[in-house]
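Protein chains: 4
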Amino acid sequence: MMNKLKRGFASDNNAGIHPEVLKAIQNANIGHCIAYGDDIYTQNAIAKIKEHFGKNIDVYFMFNGTGSNVLGLKMLTESYNSIICAETAHINVDECGAPEKFTGCKLLSVPTKNGKLTIEKIKYHMHDFGFEHHSQPKVISIAQVTELGTVYTSNEIKEITEYAHENEIFVHMDGARICNAAASLDSSLREITMDVGIDVLSFGLTKNGAMNAEAVIFFNKKLSENFKYYRKQGMQLASKMRFMAVQFEALFTNNLWKKIAEHANKMAKVLAERIAEYPQIQITQEVEANGVFAIVPLEIIPKLQREFFFYMWDETNSEVRWMTSFDTTEEDIDIFIEQLKSLLK
Amino acid sequence: MMNKLKRGFASDNNAGIHPEVLKAIQNANIGHCIAYGDDIYTQNAIAKIKEHFGKNIDVYFMFNGTGSNVLGLKMLTESYNSIICAETAHINVDECGAPEKFTGCKLLSVPTKNGKLTIEKIKYHMHDFGFEHHSQPKVISIAQVTELGTVYTSNEIKEITEYAHENEIFVHMDGARICNAAASLDSSLREITMDVGIDVLSFGLTKNGAMNAEAVIFFNKKLSENFKYYRKQGMQLASKMRFMAVQFEALFTNNLWKKIAEHANKMAKVLAERIAEYPQIQITQEVEANGVFAIVPLEIIPKLQREFFFYMWDETNSEVRWMTSFDTTEEDIDIFIEQLKSLLK
Amino acid sequence: MMNKLKRGFASDNNAGIHPEVLKAIQNANIGHCIAYGDDIYTQNAIAKIKEHFGKNIDVYFMFNGTGSNVLGLKMLTESYNSIICAETAHINVDECGAPEKFTGCKLLSVPTKNGKLTIEKIKYHMHDFGFEHHSQPKVISIAQVTELGTVYTSNEIKEITEYAHENEIFVHMDGARICNAAASLDSSLREITMDVGIDVLSFGLTKNGAMNAEAVIFFNKKLSENFKYYRKQGMQLASKMRFMAVQFEALFTNNLWKKIAEHANKMAKVLAERIAEYPQIQITQEVEANGVFAIVPLEIIPKLQREFFFYMWDETNSEVRWMTSFDTTEEDIDIFIEQLKSLLK
Amino acid sequence: MMNKLKRGFASDNNAGIHPEVLKAIQNANIGHCIAYGDDIYTQNAIAKIKEHFGKNIDVYFMFNGTGSNVLGLKMLTESYNSIICAETAHINVDECGAPEKFTGCKLLSVPTKNGKLTIEKIKYHMHDFGFEHHSQPKVISIAQVTELGTVYTSNEIKEITEYAHENEIFVHMDGARICNAAASLDSSLREITMDVGIDVLSFGLTKNGAMNAEAVIFFNKKLSENFKYYRKQGMQLASKMRFMAVQFEALFTNNLWKKIAEHANKMAKVLAERIAEYPQIQITQEVEANGVFAIVPLEIIPKLQREFFFYMWDETNSEVRWMTSFDTTEEDIDIFIEQLKSLLK
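Chains as they are written, first to last, in this note's numbering: chain A, 451 to 795; chain B, 451 to 795; chain C, 451 to 795; chain D, 451 to 795.
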């Protein structure tokens with residue numbers, strides 16, 4: 451098992467805790483404070499987040515991305531609503547039906563080439579409003595970064611939110627890799643969420659150096675009026691919340707979130723460039739954040755996985771996914787490419 | 451806010467992370483390992499827990515006690531079932547309806563004097579079996595330690611589980627403070643759970659030095675066959691699970707869980723003895739674990755809370771709750787009693 | 451089985467369809483009309499109901515009382531709410547957990563002597579508002595007639611609704627026998643519902659001569675804005691709705707609902723008076739509508755049930771329930787009393 | 451509104467009650483019998499159904515097709531499962547999310563040309579078994595007749611059920627028009643359900659002459675062990691069940707169900723033949739049961755609807771749906787064609 455503890459390209463989830471984040475947890479480990487979020491650490495972390503996004507937001511810390519997505523979506527829907535998303539969306543294929551179970555809603559998906567929704571695709575499901583036999587569309591959910599490593603531009607998001615709001619539809623963003631997206635676009639987090647009309651953001655930090663710490667951010671406080679009850683009922687209220695809060699504070703201090711996301715993104719670019727030298731390998735998606743998708747000769751995949759574990763993305767066409775993370779080094783890439791090179795011979 | 455960081459008697463949830471537990475998290479923060487529990491740390495922690503309980507169990511790590519209770523209960527029920535518990539049970543009054551929401555079941559409660567169910571009390575709800583109009587009783591849920599600080603003896607538990615199993619009813623234990631109970635009875639954890647017929651245990655460590663790390667333990671593997679899907683759908687699957695697992699390993703190393711629970715219990719005993727010197731204060735429950743319940747003159751409560759925050763338990767009779775934890779010191783008690791004494795003058 | 455087709459005193463549900471109601475179904479069985487309620491019969495029936503209650507109501511036809519109760523309650527609650535009711539309430543003991551399953555809410559019950567809630571009893575559950583760990587009380591549900599055959603006066607209802615509304619709580623009425631209550635009080639239906647502050651009424655007709663036809667009436671249209679979607683999602687939307695609608699129209703024509711409820715009530719009074727002649731039998735509840743509750747010598751019960759099937763109400767004290775219905779005759783009572791007399795000898 | 455009471459081609463749901471069925475209701479309207487299905491009428495009706503299907507089945511009467519589908523599917527699934535169906539399936543587009551709400555499952559749909567699933571289409575969703583992040587496929591649901599008026603042959607069904615069972619997947623049939631399918635194939639009901647491997651059948655009669663009376667039939671009694679509780683909790687248990695039961699008995703007497711389905715089917719054939727004479731109209735689906743789908747010049751549709759109301763099926767290509775029913779006459783068709791002819795000039 452030892453080699454599993456080496457850094458690899460399987461997932462940014464497989465990395466550990468960023469040292470600054472861990473230090474913040476250690477520093478907060480003194481004395482007693484009130485549980486469940488009524489403490490100074492939580493207040494400070496939320497204040498820090500509001501420095502970034504402005505005051506008119508509501509922030510709730512959560513255990514994981516599925517919790518953020520599901521409970522965020524709950525605040526936008528009644529059980530007779532439907533939620534439109536890409537066929538590849540995490541909420542559609544990787545949450546074991548948690549959205550349906552908790553919200554009662556129907557998920558309506560559309561196939562995409564690059565993980566991105568467009569108005570044209572969304573329109574396929576925009577019908578039968580007012581017809582009681584039909585689940586009523588109420589939310590468009592987009593992922594930023596998408597599950598295919600691509601990044602929506604601000605304008606692309608704005609087009610969707612404007613179309614949505616004209617049609618009395620909310621827009622939820624699954625921001626499991628929102629930091630990587632902001633780094634990619636050289637934007638603030640706010641510029642690609644609140645400023646372009648996102649209503650609710652699942653704000654992920656776990657994939658960017660945190661330890662099981664996420665948040666839901668509501669950009670319209672009316673939507674979150676009763677969220678505290680849903681967080682509790684949804685089993686997402688942490689007792690020792692201070693240890694989640696300080697992770698946010700650490701990552702918002704001196705823009706640490708951005709620096710490490712930029713690093714991860716840069717490593718993906720380097721990896722992609724190095725791979726591009728091998729014509730046997732075909733990169734299948736734009737490398738816009740910290741993931742590289744590529745079609746690789748089938749016979750070398752198991753051998754390559756032995757040293758650097760990673761996942762097959764699509765077995766039908768021998769497509770794999772490589773992810774970089776805050777702790778990926780150029781040396782990791784060197785060794786990986788070396789390995790690849792010898793296997794491709 | 452500074453004084454809120456002092457140790458107090460509000461809740462064992464208000465304490466931080468035990469130093470050994472935090473050290474284990476630091477030590478695990480190297481390299482990458484597979485997310486979602488398929489890693490060596492998780493395997494080792496489960497092996498350690500099985501050293502204690504034996505091999506025929508299934509262990510799943512969870513974020514919090516509500517998640518453990520709700521998803522554990524889900525495995526024992528269909529939505530048309532009912533769950534019998536004490537009126538004061540955490541699942542009944544402190545989980546914002548999470549059991550009803552996720553399981554669809556009805557909770558049937560009975561008033562108790564000391565938080566403990568008895569067969570006589572349980573029988574009140576044991577009727578209308580086979581009658582389709584009536585939610586069918588299927589689980590008895592008991593808390594060990596109870597919410598009133600009392601502890602079931604092994605025999606008391608056994609009586610309940612035998613009665614339950616004769617009637618084809620499961621028994622769930624909310625073990626948010628199971629370590630304190632085992633310490634109180636000078637038992638192993640196994641002796642007061644598996645060995646006396648408990649079917650599913652919500653195994654809490656957060657109140658005994660851990661950081662947002664809990665587990666569900668199934669003593670009958672048939673009950674957990676599909677649990678992994680429910681954990682995911684129930685939004686309780688952690689990606690960086692290694693940092694939960696190592697907390698269990700640390701607390702099961704050299705019986706750390708027991709030593710620190712014994713300390714907390716001892717501090718409660720000391721506190722109770724010191725309080726007993728003041729006839730104006732009436733201790734209302736047996737002090738069997740780490741909680742002290744007492745009726746206190748109403749006028750001194752706010753003043754006492756100012757230095758040492760704690761909760762009113764029952765406003766109708768001026769009853770308060772004081773909890774001790776792994777880090778409570780005799781000095782804390784000295785200062786508290788000093789304060790109390792001066793207020794009672 | 452033949453004798454099961456005789457009229458008995460088991461339940462008003464055991465009676466058939468009132469002849470006028472059946473005739474209305476026959477008369478409506480011509481040609482085609484649009485399904486799901488967009489037809490002239492449904493419009494006419496709703497217009498007829500509005501003649502009684504006034505225009506500011508919303509009426510939806512439903513299949514059964516459980517559907518009416520559950521979906522009516524759904525419109526008043528979020529899943530983190532709780533619903534306060536009598537321990538004997540149909541929603542609490544006779545709907546197999548349907549309210550919990552569909553609404554996700556917690557039911558909070560209080561024991562009563564006669565099935566009636568009082569403010570004092572309600573207050574027991576009115577606490578922890580704003581505390582996210584606790585299901586938030588949002589509805590008081592009362593049954594009129596109660597499950598114990600008693601009837602709330604208008605003033606009793608008004609006291610409850612005023613208390614409720616002062617506390618931002620809704621009041622739902624389970625009116626499975628609302629016609630019997632109105633007949634008992636010699637009131638209109640409106641005077642004991644809308645006029646005294648009821649927010650939502652489950653309006654039952656099945657126990658008063660109809661065939662699987664019930665309604666939910668909202669006295670505040672804001673509460674029902676999206677009800678049509680919930681009725682469909684709640685599996686309560688009938689396709690051939692005209693055959694439900696005409697039953698309402700028939701029963702609202704010439705106050706048929708009231709005449710037949712008065713008859714059933716009168717039969718219960720007669721039955722109770724005749725029974726009162728036998729000191730071995732003790733009537734346990736006021737006979738205010740169409741039910742008689744009585745403690746009967748245990749040994750004669752099975753023999754009496756052989757001729758006239760009825761249900762044991764409480765086995766612990768040999769208490770039985772006798773119900774009268776629109777088609778009960780004085781001859782039925784004569785024969786029953788004859789039988790009783792001979793058994794009591 | 452008068453003309454809405456004429457017969458039309460909008461839906462078989464718009465027809466009334468078959469005279470034999472209504473007579474059966476009248477005949478059952480004598481005396482009292484036990485409510486909720488414990489009566490001689492219900493027993494007789496079930497016995498009659500078992501004469502057709504054999505003894506090893508379980509039959510439950512239900513209010514409507516959505517109830518039958520949802521609760522039938524509930525017995526085949528855990529909430530973490532998914533259900534595979536055609537994109538046009540009633541459960542997918544016409545039940546306002548009732549399947550998701552009650553079962554918690556995800557629905558996975560595939561586009562089809564004619565409403566029929568094939569193994570190839572099903573396979574698209576058959577992956578990630580055992581992977582806890584992914585809703586686990588557990589049921590294939592097919593509609594017979596499909597929503598596009600086409601009929602699966604016995605062999606087509608058998609191929610699907612064999613594939614399903616090899617993969618430990620159940621097959622549910624939405625038989626809202628199962629009688630029309632059997633009539634079309636000149637089969638018994640059993641030959642196209644139980645005999646070809648269907649596990650659970652939503653058995654519809656409302657569209658074939660009944661009044662809000664449907665059934666779920668389980669061909670494997672293990673699947674229905676606890677169904678009675680789910681029917682109650684799912685708000686589908688009728689109190690005056692005798693009036694549902696006798697409808698089944700009437701329709702199973704002398705194969706009335708088949709005769710009237712044959713008639714409806716024949717009327718659709720006649721309608722299609724008559725329409726085929728007009729080259730401006732293009733019939734888009736095989737006319738295998740009682741529905742005709744056709745592309746019609748857009749400008750004549752509103753005029754045609756004025757006399758004979760019917761629904762637009764697909765606005766994007768001016769496709770309409772005409773349904774025939776047990777009471778459609780050749781004269782109806784004559785008048786309709788006359789109308790059509792004059793509009794097409």
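These are computed hints drawn from the structure, not numbers from a lab.
Certain hints may be false.
Identical chains share a label here; the pair holds if one copy fits it or two copies do between them.
Only pairs whose alpha carbons sit at most 25 Å apart, straight line, appear in this in silico PhoX-like list of lysine-lysine [what the hints assert, rightly or not]: (1) Lys456 - Lys498; (2) Lys563 - Lys573; (3) Lys456 - Lys473; (4) Lys456 - Lys505; (5) Lys573 - Lys791; (6) Lys588 - Lys608; (7) Lys708 - Lys672; (8) Lys672 - Lys500; (9) Lys753 - Lys588; (10) Lys671 - Lys588; (11) Lys719 - Lys571; (12) Lys588 - Lys672; (13) Lys473 - Lys588; (14) Lys753 - Lys678; (15) Lys672 - Lys608; (16) Lys563 - Lys473.
If the cut is 25 Å between Cα atoms, do Lys753 and Lys678 qualify within a copy, between copies, both or neither?
neither (49 Å within a copy, 30 Å between copies)
Is the C-alpha distance from Lys588 to Lys672 at most 25 Å within one copy, between copies, in both cases, or in neither?
Both ways: Lys588 and Lys672 sit 16 Å apart in one copy and 20 Å across, limit 25 Å.
**Study point:** Copy assignment of Lys563 with Lys573, given that the CA separation must stay at most 25 Å
**Key:** This pair counts as both: shortest intra-copy Cα distance 17 Å, inter-copy 20 Å.
**Asked** How do Lys456 and Lys473 come out at 25 Å by Cα distance, when the copy is not named: within, between, both, or neither?
**Response** Answer is both: 22 Å inside a copy and 21 Å across each meet the 25 Å cutoff.
When Cα atoms must be at most 25 Å apart, do Lys719 and Lys571 count as within-copy, between-copy, both, or neither?
Result: close neither inside a copy nor across copies, 29 Å intra and 38 Å inter.
Homomeric proximity label, Lys456 with Lys505: Cα distance no greater than 25 Å: neither (42 Å within a copy, 30 Å between copies)
My question is about Lys753 and Lys588: at a cut-off of 25 Å on alpha-carbon distance, are they close within one copy, between copies, both, or neither? neither (46 Å within a copy, 34 Å between copies)
- Query: At most 25 Å between C-alpha atoms: does Lys456 with Lys498 qualify within a copy, between copies, both, or neither?
  - Reply: Answer is between; shortest inter-copy Cα gap is 24 Å, intra-copy 34 Å.
Self-check item: Up to 25 Å CA-CA - Lys500 versus Lys672, copy category
Solution: Within. Shortest intra-copy distance 17 Å satisfies the 25 Å Cα cut-off; inter-copy 35 Å does not.
- Item | Alpha-carbon proximity context of Lys563 and Lys473, limit 25 Å | neither (41 Å within a copy, 46 Å between copies)
Quiz item: When no copy is named, should Lys672 and Lys608 be tagged within, between, both, or neither for a Cα gap of at most 25 Å?
Solution: within (21 Å within a copy, 33 Å between copies)
Treating 25 Å as the Cα threshold, decide for Lys671 and Lys588: within, between, both or neither.
both (18 Å within a copy, 22 Å between copies)
The structure shown violates the earlier hints numbered 4, 5, 7, 9, 11, 13, 14, 16.
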